[in-house]
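Engineer: Next come the chains, spelled out residue by residue.
2 protein chains.
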Amino acid sequence: MQPVIGIIGGLGQMGRWFRRFFESQGLTVLIGEPGINPTCAEVAAQVDIVVISVPLHLTEAVIRELAPHIRPEALLTDLTSLKQGPMAAMLDHFAGEVVGTHPLFGPGEKSLEGQTIVVCPGRGDRWVPWLEDLYRQAGARLEVSTPEEHDRTMSLVQGLTHFTLITLGTTFRKLNADIDRMELLATPTFRAVYDQVYHLVNQNFPLYAYIQLMNRQNEATHAAFEEAVRQLRQIVLARDADALVQVLEENQRYFEKWKQPSS
Amino acid sequence: MQPVIGIIGGLGQMGRWFRRFFESQGLTVLIGEPGINPTCAEVAAQVDIVVISVPLHLTEAVIRELAPHIRPEALLTDLTSLKQGPMAAMLDHFAGEVVGTHPLFGPGEKSLEGQTIVVCPGRGDRWVPWLEDLYRQAGARLEVSTPEEHDRTMSLVQGLTHFTLITLGTTFRKLNADIDRMELLATPTFRAVYDQVYHLVNQNFPLYAYIQLMNRQNEATHAAFEEAVRQLRQIVLARDADALVQVLEENQRYFEKWKQPSS
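Chains as they are written, first to last, in UniProt numbering: chain A, 1 to 263; chain B, 1 to 263.
Watch out, some of these pointers could steer you wrong.
Because identical chains cannot be distinguished in the list, a pair is counted as satisfied if it fits within a single copy or across any two copies.
As the list claims (entries may be wrong) - Think about it this way: if two alpha-carbon atoms lie no more than 35 angstroms apart in a straight line, the pair counts; the simulated DSBU-like pairs of lysine-lysine are:
| no. | residue 1 | residue 2 |
| --- | --- | --- |
| 1 | LYS174 | LYS259 |
| 2 | LYS174 | LYS257 |
| 3 | LYS259 | LYS110 |
I should point out that these hints are in silico values taken from the structure, not numbers from a laboratory. Remember, predicted model here, so these are calculated numbers, not experimental data.
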């Protein structure tokens, strides 16, 4: 038997992306979206797999609200960028099958081929392995993680990276930088970083704001970054070449422990 | 008549790169390097075009030292990453032809095709236009700038970009980040930024250190960045979604004024 899929938040960008994906696999997909019929609760009550794809800051509330409506034999899963809160909400409020996922790609990707999906195991042995197989057979690489490890790693991968790109954007704005001129005098390193600054200023604001605000691990990550900025600035103000070379050498030794980037 | 070229610092990475380039154009190149024969002063005295390609922090001293040995009808030029100090030194200590250049690429590039060279006009109308034509005909794009405008723009293009990548590297080190795990859970944005962090930790240390220390404009640039980091961190600590969205919107409006990145 093929499951019927219900996507809650199915008119959002990732909701539409996964609707197209499931339909391309020959599956029936129902869409739930606040304010349209059938209601989200009605969709949740009719399907075999409920996929929560609502804005990050609403995810836990939507899970709490819909859980009582989901059929006991169904699977509850999500697509949220953080995993501790949503996983706890799914496991606490729903007694059936649960698996948390975080697709590490945006809605601009054509297919699952070569994409990574982080999977946080919950419970259940019918639809959970079925869904994991579906993703895997479509070419996705599944990375298993705990909610804690996922959020800790994402605090660096997304939290710190976005934080840096946002503050670079703010710095250009505050200095009233002539972007056209910088483009003409760009080095390859600047171009690679600037392209990401530019990409980020045009992204989904609530998502990128809540990735900063809702990951508690960001407090320690951002504190370490602010301290690194403060210290390096002091070194530069003091024109202390020895101290600066020492930082560069310590960083080089740290990164030598790891293999080269795969890209 | 084809000029004879002398490269001072000709055994360094960029010195070797430009030696290969000039020789590929059928030109004769002499190499000057401290401690080898002929001495730098002897090379400078024999050639039509003296190219200074020594470490950034030594450039002005080398110019002062060699200028008295250069033939009055020769051209003095440099390849230095900052332009105010070197240009002033060349114009003050040598009365003949002068042009400052900053090739915006590293020694890994195969050719001048499509590369940018910033040119700061000095004086002279024989070898200066000849050299500019040589670079242009080899496919380089020449961008004319004043030393002041060059160093101000480079404070953002190189100074701030490297500063950010160094502090990201320091943050990963201080947090003892598991780089292998971050690679497995990488998003496309993280990968693009991390590749540049990794690239930078393996670069020429004195150059990257002195690009931070010797550009006086970096003081204001780094101060603006530290302030942006401090402010965004306070917003995140206060969980102030409205303030964060306001920053993101102000940045978006700022970047809307400029055309899209060309890459």
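Engineer: Of the hints stated earlier, which fail here?
Structural biologist: No numbers; nothing is violated.
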